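A.B. asks: Each chain is listed here by its residues.
2 protein chains.
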Amino acid sequence: MDHLKETTIKKEKLFSGRIIDLYLEEVRLPNGNTSSREIIKHPGAVAVIAITEKNKIVMVRQFRKAMEKVLVEIPAGKLEKGEEPATTAKRELEEETGYTCDSLKPLISFYTSPGFADELVHLFVANGLRKDTVDHHLDEDEFVDLLEITLEEAQRMVENQEIYDAKTAYAVQYLQLQAMMRK
Amino acid sequence: MDHLKETTIKKEKLFSGRIIDLYLEEVRLPNGNTSSREIIKHPGAVAVIAITEKNKIVMVRQFRKAMEKVLVEIPAGKLEKGEEPATTAKRELEEETGYTCDSLKPLISFYTSPGFADELVHLFVANGLRKDTVDHHLDEDEFVDLLEITLEEAQRMVENQEIYDAKTAYAVQYLQLQAMMRK
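Protein sequences, first through last, are from chains C and B.
My numbering puts the first residue of the first sequence at 960, with every later residue one more than the last.
My numbering puts the first residue of the second sequence at 960, with every later residue one more than the last.
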């Protein structure tokens, strides 16, 4: 793949934040010319498909400042440094929804915005879901509403753009596919 | 949803790039406390599911500097200011793959990284795909390889993490679902 590769000539860190860092890179293109790349470094994230005993999908409503909108999403959160994705996923599920689970099966990992960011989302399926008896606490700057919906409601919310993010749309489609396979 | 809303106290533009802008916002949380939000503004993007006469999925191989990796993705590109998503999609498909199409059906739009970015991807399905006879040119800093693969190959590449981005994983799953519905 070397005929596609871009090599770094210069790399400058322009911003170091709580969650993201911004780099500006000068690169040598495959044809010898130069260009610049604006790159966001992100610690990565996890997301969980969790289905209740009553066959409802566990979702959270959360205000997303980047869009100035409340989005409906599957439970998710960013990776802590050095933490295993499955550990983060179990914790985020508990904190955001009050549900715990016996185990988490890795389903797929994907980059969300490869054009400018290295954020990798690890998607899990929770097994043995049950309401936790221990009280959990959200991060102090996190506010979410719990929502439990059927697959049909989720599909309708995708159509109405109430579900409007990639990982959740993927999860709903995955559950549609599973439902079809069972038929 | 007002009990979830965060209001802006202060907003500072820290970087204005060719593709992304970075803002740091100080926000008032629903409980009255304050916090900061790191926000990337992005013009939005399009992506195209295109199937050839031989029933192959049209993909491109592209070096992605943020990951220092070559990724296999469905044809995609960022929106130009004021341009209709379907127009961008048709142009990007032609430039990246040499295929043109009769029409494009909007399939779904989703935010890719709602936690820190407002990038919205509009996904289309191309109808009436054919090789274009006119020569097209990529952006001067864009280098891609064309790839045409079966659905089975695509599924294998998802499993092997050769297909490793959200929009492409969504597209492959969509085509799986369509294939199952036809059975």
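These are computed hints drawn from the structure, not numbers from a lab.
Among the hints, a few may not be true.
Which copy? The list can't say, so a pair holds if one copy fits it or any two copies do.
What the hints assert, rightly or not - Capping the alpha-carbon separation at 27 Å, the derived lysine-lysine pairs in DSSO-like fashion look like this:
(1) LYS972 - LYS1142
(2) LYS1090 - LYS1037
(3) LYS969 - LYS1090
(4) LYS1028 - LYS964
(5) LYS970 - LYS1013
(6) LYS964 - LYS1037
(7) LYS1142 - LYS1000
(8) LYS1064 - LYS972
(9) LYS970 - LYS1037
(10) LYS1049 - LYS970
(11) LYS1015 - LYS970
(12) LYS972 - LYS1049
(13) LYS1064 - LYS1037
Every value quoted in this text rests on a predicted model; they were computed, and no experiment measured them.
A.B. asks: Taking the hints in turn, state whether each one holds.
C.D. replies: Right, here's what the structure says about each hint:
In this assembly of identical chains, the alpha carbons of LYS972 and LYS1142 never lie at most 27 Å apart, being 53 Å within a copy and 52 Å across copies at closest. In this homomeric assembly, LYS1090 and LYS1037 come within 27 Å of each other (Cα to Cα) only inside a single copy, at 23 Å, whereas the closest approach across copies is 43 Å. When the C-alpha separation of LYS969 and LYS1090 is checked against a cutoff of 27 Å, the pair qualifies neither within a copy, at 51 Å, nor between copies, at 39 Å. For the homomeric pair LYS1028 and LYS964, the shortest alpha-carbon distance between copies (8 Å) is at most 27 Å, but the shortest distance inside one copy (38 Å) is not.
Neither within a single protomer nor between protomers do LYS970 and LYS1013 lie at most 27 Å apart by alpha-carbon distance, with minima of 52 Å and 44 Å respectively. In this homomeric assembly, LYS964 and LYS1037 come within 27 Å of each other (Cα to Cα) only across copies, at 20 Å, whereas the closest approach inside a single copy is 29 Å. Taking the shortest alpha-carbon separations for LYS1142 and LYS1000, neither the intra-copy value of 43 Å nor the inter-copy value of 43 Å comes in at or below 27 Å. Taking the shortest alpha-carbon separations for LYS1064 and LYS972, neither the intra-copy value of 36 Å nor the inter-copy value of 40 Å comes in at or below 27 Å.
Taking the closest pair of Cα atoms, LYS970 and LYS1037 come within 27 Å of each other both inside a single copy (25 Å) and across two copies (23 Å). In this homomeric assembly, LYS1049 and LYS970 never come within 27 Å of each other (Cα to Cα): the closest approach is 36 Å inside a single copy and 34 Å across copies. Taking the shortest alpha-carbon separations for LYS1015 and LYS970, neither the intra-copy value of 47 Å nor the inter-copy value of 39 Å comes in at or below 27 Å. Taking the shortest Cα distances, LYS972 and LYS1049 never come within 27 Å of each other, neither inside one copy (33 Å) nor across copies (35 Å).
Taking the closest pair of Cα atoms, LYS1064 and LYS1037 come within 27 Å of each other only inside a single copy of the chain (18 Å); across copies the shortest separation is 34 Å, beyond that limit.
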